[in-house]
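Participant: One line per chain: the protein sequences are A and B, in this order. All residue numbers for the first sequence refer to the working numbering, where the first residue is 1 and numbers rise by one. All residue numbers for the second sequence refer to the working numbering, where the first residue is 1 and numbers rise by one.
Mixed in with the good hints, there may be bad ones.
Stated by the list, open to error - Derived DSBU-like pairs (lysine-lysine); straight-line CA-CA distance at most 35 Å:
#	chain 1	residue 1	chain 2	residue 2
1	A	K6	B	K476
2	A	K284	A	K274
3	B	K145	A	K116
4	B	K145	A	K242
Unchecked claim - Now the stretches of chain A that chain B is said to cover, found in silico as 3 or more residues with beta-carbon under 8 Å:
#	region
5	39–47
6	58–69
7	72–78
8	90–102
9	122–133
Just so you know, these hints were derived from the structure itself, not from any lab. Remember, it's a predicted structure, so these values are computed and weren't measured experimentally. Glycine included, C-beta positions come from ideal geometry on N, C-alpha and C.
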Amino acid sequence: MEVKLKIWRYDAYSGDRELRDYELEAPEWACLLDVLDLIKDQQDGTLAYRKSCRMMICGSCGMRMDGRAILACKERMKPIVDRGHVPVISAMGNMPIVKDLVVDMDPFWSKIRRMKPWLEPGYDEVLERERIVSQQQMNAIQKEALCIMCGCCVSECNSMESDPEFFGPAALAKGFRFVGDTRDQASIERLEDYNDEHGIWDCTRCYFCNERCPKGVDPRDAIAKLGAESVKEGIDRDMGAKHAKWFVKSAETTGWLRETELVPKTQGIVAAVKQTKFAIGLAKKGKVPPPIPPHVAADVGESRALRQLVREQGREGAQGIIQGERGLARIEHTDAGGARRDAPEVTPGEEPPKAEG
Amino acid sequence: MEAKHDVLIVGAGCAGMRAAIEAFDAGADVALLSKIHPVRSHSGAAEGGINAALGNASEDDPEKHAFDTVKGSDYLGDQDAIEVLCNEAPEDVYQLEHWGAVFSRTEDGRIAQRPFGAAGEPRTAYAADITGHVLVHVLYEQVMKRNIQTYEEYFAWQLVINDDRCQGVIAWDLLNGGLKTIGAKTVILATGGAGRLYVGTTNAYACTGDGMTMALRAGVPLKDMEMMQFHPTTLAPTGILITEGTRGEGAYLLNSEGERFLKRYAPNAMELASRDVISRAEQTEIDEGRGVDGNVLLDMRHLGAEKIIERLHGTRELAMTYAGVDPIHEPIPVRPGAHYHMGGVDTDLDGRTELEGLYAAGECACVSVHGANRLGGNALMETITYGKRAGRHAADWALTHTTIEVPESVEADAEHDLKLLLDRSDGERPWSIRNELAETMHENFGVFRKEDQMREQGEIVSGLRERYEHIVVDDKGDVFNNDLTQALELGFLLELAQCMVVCGLARKESRGAHARPYDYPDRDDDNYLMHTLVRWVADAPVLDWKPVKMTKWKPMERTY
Ligand SMILES: Cc1cc2nc3c(=O)[nH]c(=O)nc-3n(C[C@H](O)[C@H](O)[C@H](O)COP(=O)(O)OP(=O)(O)OC[C@H]3O[C@@H](n4cnc5c(N)ncnc54)[C@H](O)[C@@H]3O)c2cc1C
Ligand code: SF4
Ligand code: SF4
Ligand code: FES
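Work out the full structure: start from the sequences and follow the hints.
Facilitator: In structure tokens form, the structure reads like this:
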């Protein structure tokens, strides 16, 4: 097939950027990575990008296609070519570019290190046998353990864009990998640490990390779990934690969110007084109901039952999600016509029908 | 010289990182050096599991593990090395668990173990279908915990030999450019396999046999280089691995006539026969015209969508992404692909090579525990156990020897050679040589080997080596110049290919991965119960032999 694409080249010496056009013949099975290989071999040996496994497991080939982070070895070109689309390839975001599609991953790794990313079992010697851990307990960190450290989530993180010191989705998911591990004896210290400035409460909940993670790690969910664990352990000094606590409390008692009390509960009385003028303005326009007596929703029982369910299931309530479900859903989504839906029979002597791709 | 260490480990996959941890804990000043970031190493691609006689799923003991391994090796494995592996394996796996490896669990909370090809007991410990990924990450966590210095994205090119000792490495710094010399009292090679010798391979782009060739060029012999294992179910055309687990779950292998052809090759075990048996059966079908575009079909439609989604999720994702085939609705085209190099740098039980100060561990080494055929799950175990042993010994040795001396001429020579290559502006780019090498190796030195084809391949490789002398590197820059490193990798591969052909021709029998059905269809213990050994002398491979070490087990016929 005839592939066309544009690549943002970046000159390592001058820092100049240039969008260059490429056209080439590629086999129908080619992924973006194969196409880049063909360009590097046959057109321009100076094109720089990372690669190794070419099977979505080493995390080398993170880059952007049309502005969204992807693994080059995971993107099939056929559907794109069929649409007549000319994709634009560029380096990942939120990390300094070294050359072309290669970014400096040092800031990424220093944040991972910042998490003290190793198990603290509470002893040094090797015991005679393995520890007894149920599969269910292991499942609690199943998704976080899938992370291949590709950086796609960090590339897209909104919070990171405004605060480069924000720990970021990958590091926090790694953090939960230990907090959620029953074998770890340092979970409280970790939670204290992750509650610091630039920590879990600085996430804007834009969900871009969940959306773009090629492995279905769902880092935003890991951050939510860290938040829940923190509140459970009484670590709620951050405004974010107080905010979240009030949401739950309000929903549980009245079935809806009492916004008038949100500011004092989250930011304290002083801040609330400062906001009074604003609140009165809102009230005049009919945007805020009078706070007393609190209005209780008719179906408050439902919201209480839900809260009870979450309480009972705890961390395990989030399970039952198939590994990489999200990633796979995306393949099906973008490639609906690629794989056939009906099951063809294998007729003796005849070549079985092939997929279009 | 950039830096000096007691122990410098080249390669940071499972073997390299395990060695680094051990050497560090023994008190040595340790550094890792790797051409890609440690967690990007191809160990991470291992899906199936790691073998140790933990006895969690059945009565098992290291002796049974050893026997299965000896037999699986077609009696070419060194039995002392196999015993060491099997005896130390359980404790080494427990260690990984205590470091935090996320193993799958049994009902009673122990490490789960699954049955694997040619193993008498369910002995393969695993973490879902991402065992290697889990191990790479747990080892890197321990490396970070110890704050072990890591030269990331440094491409090792030459060993520094001085005073008949290996005293360091000369490497190309990918991010900043330039050759850097790193001195060390001991160097451990842990650079992994060389699957990139073949077009269809389960190996990553980084698996180019660098460490093997570096050792070879330093005068150290390689062992059993003809022994390249072919995995029966790799995805056409790229060779991406479809795990044995699909057949474990009941998938069928069909030819173009829709026939489950294994009934004619392995009527009892059928799809669960050993890797070499199935690979040969597939190749026979393909060669006799019953293939589909050079493949056979792996059919799991009868398993049903639910089972496929639940148990074989990763496989479905791979098939959909890389073959455009949804296995719920269509069979997957598969063929044998180069998977694992049983051969490698000849070492003793502590990873020591012939050259003082130089060690090797993992897939680039040949102790040998796999002999002529590796059992699934034994390679990861080897990286851990022998990585540990090499790390320990290298540290002990380094701590009792003090000096490092790198003569200036060594660095100057390397600079000179590199300049010659970079200054050349007229000639062929390396990629066509690389593609021709990989295609012809598949054709002429694949699942079946014929005398005339092997000879032809020897000539082809010589021709490619001549062309390689005149290659041109497009990128002349310093920053992330992997155009240069890929060219150097091709140089490594070409010399290995030549070694393999020489060894393949010399072994006039069929044993394990070395199948010569046309002229020597049987195993010949009288003449070839020996390792091939190959040395690089005057720019050419020279063949030698080395006896196999026997302890308890006498060779028997290998049937399953
Ligand atoms: C798809 C697949 C599945 C597998 N599944 C299993 C399984 O289920 N069970 C099992 O036991 N085995 C399995 N194997 C085999 C096993 O995974 C490998 O043999 C083993 O992981 C090799 O580990 P290693 O540490 O020796 O090398 P690798 O993990 O390949 O690491 C090599 C390291 O060397 C570095 N390096 C290489 N050259 C240079 C250089 N010139 N300069 C600097 N650094 C360099 C690389 O950067 C890398 O860090 C599988 C193999 C494949 C390909
Ligand atoms: S949800 Fe939070 S961590 Fe994820 S991308 Fe958005 S701001 Fe970043
Ligand atoms: S969480 Fe996902 S996107 Fe982020 S580094 Fe890990 S695998 Fe990549
Ligand atoms: S090359 Fe390894 S993830 Fe893409």
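Participant: Which hint numbers doesn't this structure obey?
Facilitator: Checked against the structure, no hint fails, so every one of them is satisfied.
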